[in-house]
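2 protein chains.
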Amino acid sequence: MKHLTIALFLVLITTSIRAQDEETTQIKLIFDNALTRQEAYHNLEYLCTEAPDRLVGSENSLKAIEYMKQYFNALGADSVYLQEFHTPAWKCDSSSVWIIPQSGKPVMLHTDALGPSPATPMEGIMAEVIEVKSLDEVEKLGKEVISGKIVFYNRKWNPAFIRTFEGYGDAVDQRARGPEKAAEYGAVAVIVRSVTNSTDHFPHTGNTHYSNNKIPAVAISTLDADLLSEQLQKEPKTTAKVYVDSEDIPETITYNLIAEIKGKEKPEEIIVVGGHIDSWFNTPGAHDDGAGVVMTSDVLRIFKELNINNKRTIRAVVYMDEELYQSGGKAYALMVKNNGEKHYLALEADAGAFTPRMFTINASEETVGRIAAFLPYLKPYGIDEIKAGWGGVDIGPLKELGVPLMAYGTDSQRYFDMHHSANDTFDKINLRELQLGCGCIATMIYLVDKYGVE
Amino acid sequence: MKHLTIALFLVLITTSIRAQDEETTQIKLIFDNALTRQEAYHNLEYLCTEAPDRLVGSENSLKAIEYMKQYFNALGADSVYLQEFHTPAWKCDSSSVWIIPQSGKPVMLHTDALGPSPATPMEGIMAEVIEVKSLDEVEKLGKEVISGKIVFYNRKWNPAFIRTFEGYGDAVDQRARGPEKAAEYGAVAVIVRSVTNSTDHFPHTGNTHYSNNKIPAVAISTLDADLLSEQLQKEPKTTAKVYVDSEDIPETITYNLIAEIKGKEKPEEIIVVGGHIDSWFNTPGAHDDGAGVVMTSDVLRIFKELNINNKRTIRAVVYMDEELYQSGGKAYALMVKNNGEKHYLALEADAGAFTPRMFTINASEETVGRIAAFLPYLKPYGIDEIKAGWGGVDIGPLKELGVPLMAYGTDSQRYFDMHHSANDTFDKINLRELQLGCGCIATMIYLVDKYGVE
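Chains as they are written, first to last, in the working numbering: chain U, 1377 to 1830; chain A, 1377 to 1830.
Just so you know, these hints were derived from the structure itself, not from any lab.
Bear in mind that the values here come from a model prediction, so they are computed numbers and not experimental data.
Among the hints, a few may not be true.
A pair counts as met if it fits within one copy or between any two copies, since identical chains are not told apart.
[As the list claims (entries may be wrong)] Derived BS3-like pairs (lysine-lysine); straight-line CA-CA distance at most 30 Å: (1) K1404 <-> K1617; (2) K1404 <-> K1755; (3) K1532 <-> K1680; (4) K1617 <-> K1640.
Make the full structure from the sequences, and use the hints.
The structure is reproduced here in structure tokens:
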């Protein structure tokens, strides 16, 4: 009996080791494929060079969706279709800021409007500039000082944060809520220092939240913010002229793109991966988030080419409009709810194509634990953490349907150098880092499908 | 008694927690300093733009040493001095490769000589080209086929390796030993596909080992290697012309640069950090290894500015000639031996200024264990592994004196895109990644000094 137990134990151990070896081999096949093929890289090159400035409502946003649709069809996905939905949108044709010094020539700054800034009159808005470092400062100065002025938010990015997303979180209130606050105190326009840790001439746009009173709002480059600040020290009553040519679009018809490989055992359980195809109007959107789209789309290609027998349906979603109104993610979750689809897990990639570092999970402790246990499989490929944390903007609305959410995380040091600016170009993409991302995401989905997360 | 034991236990725990909190605070101060100051970044800009092409024996190699000497003096190091030594050197003024097709015009390729390739005659060497994929293939083809020919090593980099240093190790024999092997079988010159995972027009040079029979050897860009290979498929008897204008320098006088902050308790025990100031003749040497020099030099600045009371002497060494004959590291170890200096530990940074990932240690198991225990302090700053492994080329000769060796390791994905080529420029350096490296190295040295490694 004792010998039998030992024998059984040995069989179990051996089986377990063999299973582990099999996984190691399968995962190596996934990465061999990801690193030797370059489909994701070439898809991203197309998006950046042939369909830049993909803000929702733009022609290029639809061109990009069409391109990815053809890609999914060509790789033989089981179904490829568009989810049509209606959303308000916004467009910006141009913007400018001029410093009008009391003596000397006007100086034009590197500027992009924030979305969805209202337009100024054709002749722009000219007013005295008041520099502040925070929303609190606007409150403290009060209407007496702020009213009729152009408020210039100029708090610098704090470089001491190690993870740059924390640095962003620390600085972004000036952009996201600054115009609303300034409007409340009677400002006529807002200029914001670009939310970036770079010192250069690129303005970084982004979303700003308005309540009823909308005033024009623009970002200027960090170098120009320093210039404007110096000018205000020299001449505290310096005026500036802000010009924005933008337009609200009450309703546009647009699409999420959906492609899937049917599950062989549980086709009704859907594992969804995706990124957002839209970018701001001023950028090729290479890292944000063309990269997320092509890496998550590559999961279907890898599964097809390696003939992986997925139990559950693997679905790639190319979301529209993460940047402006987050309407694509909301429309998608609504469809899931209305159709009563069962989503097993949702993964989003929206942190650029830098070297792989982590997965974060927004789910029950048990599910986090199950997924974190996959770490030994992914550590050789650069993933050093799998832990509770952020899910994603586009998949966020799935949370209330009880879907476990997961984000693919890359090394964050360079992300905000380019984020939301014309500097987010294809040449900033490293082939290997992008293709490793494809491998990491495909492997994670493979493990989730095979071993489950419950 | 029981209560006393518990009380003592609680005191110990509390003390230990307080010590840990103190360390966490001290280490945060180190990183705050590293990330808010930009001295290392500006030093590297100088080296790349004012003193590129710093091969041993060149004027710029001495200009670079002089610059760093002034830097150490300015920051108030306790002693700053040059270690003079004599070494053979080599220089290359130009090189070219032409494909001479049987029909059509000659085509010039993107070429750099390997070091220390001998010169060709002024008119170059013209001969039939034979393409091979390995040194073994040269052996198999034998003298009959190889003799009188130009051997073209064209085995591609295998992208499936995850750590690119392994990909490099897999491909580099063609460059390091290929010319010697081809010469043995009577070849008249060697052309090597650049050892890189990039597909571009940059030739990547590097060291090649010669025995007695030295034949000219050059690297061509990967795109040109593909072009030459295609040409050989079309016309198997294609000839090429190889031209190298180079010169052996029998002896040059050169220097390692040494700067130190004296230890307050054990000044006779020296912890040494360093990188190499020389670069290949064709490159600004930003990542290889200007970055290593400025990051390790920054340790002294950080210690001075934060008034860290180092027990042991912290010494920065700027090594000359890692690339060609590794004479600086040898000369340094010889001096250490002759002076009977006690080296407590040596750390080298020669893996570029990419995002921090690891430290590797070449020392006893016990020492590796002691240092690996520092991981929790460095994990928040991007270091995910501290383990046994590589030390470094320049500190290598200290091994026989029993010195524990350590290497600072960065994310390797992009390193070989630029390595040993004109593409290794300052604009490839990310400010934050470089300055995080300064913080990681300074922290490691701080912990080694404070807690010891024995």
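Verification of the supplied hints:
1. K1404 <-> K1617: neither (58 Å within a copy, 42 Å between copies)
2. K1404 <-> K1755: both (12 Å within a copy, 27 Å between copies)
3. K1532 <-> K1680: This pair counts as between: shortest inter-copy Cα distance 27 Å, intra-copy 47 Å.
4. K1617 <-> K1640: Cα proximity of K1617 and K1640: none, with 62 Å in one copy and 60 Å across.
The structure is inconsistent with the numbered hints 1, 4, although it conforms to all the rest.
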